[in-house]
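Novice: Here is what each chain is made of, one letter per residue.
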Amino acid sequence: MFRPLFALLRRDLVLALRRPQDALTVVGFFVVVVALFPLGIGPDPEFLRRLAPGVLWVAALLAVMLSLERLFSDDYRDGTLEQMLLVPQPLGLLVLTKVFAHWLITGLPLVLISPLLAVQLNLQADEIVMLMLALLLGTPILSLIGAIGAALTLGLRGGGVLIALLILPLYAPPLILGAGAVDAVMHGASAQAHLSLLGAMMVFALFATPWATAAAVRIMLD
Amino acid sequence: MMEFLAMGGYWPYVWGSYLVMAGLIAVEMVQVRYRRRSLMGWIRRMARIRAQEEKQ
Amino acid sequence: MSERGIQWFRFTAPANFYDLAGRLIPWFAALTIALFAAGLYLGLVVAPPDYQQGDSYRIIYIHVPTAWMGMFLYVLMAVYAAIGLIWRIKMAEIMAKAIAPTGALMTFFALWTGALWGRPTWGVYWVWDARLTSMLILLFLYLGYMALHAAIDDRQRASNASAVLAMVGVVNVPIIYFSVQWWNTLHQGASITVTDAPTMATIMFVTLMIMVLAAWMYSIAVVLARARVEVLERERNARWVQERLEDGRT
Amino acid sequence: MADREFRAVDLAAERGDRRLFEHLDFTLSPGQLLQVSGRNGCGKTSLLRILSGLSRPAAGQVYWGDEPVQSIDGGTGSCLGYLGHPNALKEDLTAEENILIAGGLAGGRPSHEAVLSMLASLGLAGYEDLPVRFLSQGQKRRVALARLLLQAKPLLILDEPYAALDVQVIDVLRSAIEAHLSRKGMIVITTHQVVDIDGDCHNLRLG
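Residue numbers (this note's numbering), protein chains in the order written: chain C, 1 to 222; chain E, 1001 to 1056; chain D, 2001 to 2250; chain A, 3001 to 3207.
Simulated from the structure, these hints should not be mistaken for laboratory data.
Output of the computed footprint for chain D on chain C, the stretches with three or more beta carbons under 8 Å from beta carbons of chain D:
(1) 160-173
(2) 214-221
Far from chain E, some chain D residues (derived; all Cβ distances over 12 Å):
(3) Val-2079
(4) Ala-2130
(5) Gln-2156
(6) Met-2167
(7) Asn-2172
Fair warning: this is a prediction, and the values are worked out from it, not measured in the lab.
For glycine and all other residues, C-beta sits at the position ideal for the given N, C-alpha and C.
I would like the entire structure built from these sequences, with the hints used as guidance.
Specialist: In structure tokens form, the structure reads like this:
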């Protein structure tokens, strides 16, 4: 049962390794956006620290969103997505596997690079740990929800801009919870509630979104 | 009358709400009507062309 | 082309819908005018000013009905879209598409009037209050739905794809609402609490309900009119359209 | 190989407002080939996509034995292989990797030797460990065909398999098709060129 999924996961990872610039572009975007913020709002360390959770989260969210266009479009163009519909496996599971691969390639590097940027924005050690934890729980949600938008815009002109319009409103809850978790630690409160809700949301997204994405893929290839 | 229009000094807000709503509702209705009218026009034209072709 | 009619149920047959809607629209339009006239007269002239907010509170007579309408129409749109997607009923697809612009307009009214009411009440046009923020996100969801529908050329695919989006949106609306509300209570620094009107006199309540009904009637009338145009566009080559053109029954 | 018939009953397809075809029926028994012909835009590709379960017909039903195709356990892919216009190859992977991964996804990973001999029989010996982007259009098409033939599905649905192939390779492909038919396989094919194939061939003209 899991062999085919493993084959797909390995394929996507191998492809990403053979073209590492794609994944690196996303990380680069994240770094540059965060670096530009202080230039816009001034160098006061205390002020930057207060804005840091929101800035880092919005930048991560935009980076994930930009990378989403590529999630299915390469497979769509060369016909492999079509062949995937014929694989004797539930399409939802295949989609979930692809999203997981996408998260390993784009989401995880964002989590790993975030402490560096957090230090630039003057966050303290415990806040940085919380930031990483929240991003670890939150970026999969971003990839899972975003996959629906990526599937719905397959083969459309201007698909990239359309993804943003479709998906960004749905990103409000993880943004609120993720940035809120870091904020709570900053104000000496417990972030337990934020993290539990974020975790619950991830589990829900894990079970619900692959089917919506699969339905969207079938519709767009019909 | 002036007193009614002044709305207790809140006239920009009250009339700003009501008039914008009235204006946009009018725009919506005109737009639906316009779409219908232009569609009808070219369905008629299609029918006429088809009738002519059949005659020939 | 005309064989397509056979697949439809009597109830959803486009020709029947077209005729029925054509007969109903004038009634709904008349009701809309009557209710709006009554509501506006009561709301702007008869009802007394609020003892705290003065005359500015009169904005709620359109703010509350349009906000309810905006939310309700989104759910209705998603239900129609789901019916169209699952049972492949074309009339449901048409209804979903026809609802979207009116729903978006209602949501926009709610935001606009909310901002204009906020200025005299809180001193600022926009507050990131839970309700306004969720309404803003709802407006974005409407815009996304319409943009996706417009971006796909194939009509069937456009209906199906935007139906998926509408259903995803309707699952998300409560999640968004509660997370925004939660976020709002956490950031209660410069405290602003929003309540419609603390105690509502009977005349105010009656007026509000009349305006709610008026918004309903207006939405039904304009959605039916738009659905009618949409039916005509899809069925332009069908025999029943030609028949009605010849009879002048349009 | 196949023990069931493949049937289409009263199929119809439309694109936008246009009916491409309707009331289309056929039955394909094991060992038979169906060649679909017709001018461009008459719905050949649409028909093949409907038969392979990728698109829903506007009316009608496709059966595998007595089962409607959409209710087959594991999807239509468990009984048929489909080759469309795109080759469904990853340019950054080698020919062999492409074939092995597709096999792994389909649940039956062919052995290294089987891949080599299949590629060799299609005239691609020595090309197996080159990234696909170094191959010519015709060579890519052959890799795609090798992948399809290795999956050994009872029914093959081929959309213009000869596109970009040279004359010698057409001969190789023809013998592969004939071998599939003699093993009681079934084939649905569209081509521009007329290629005569030994076996139980039927013709379907659209439009």
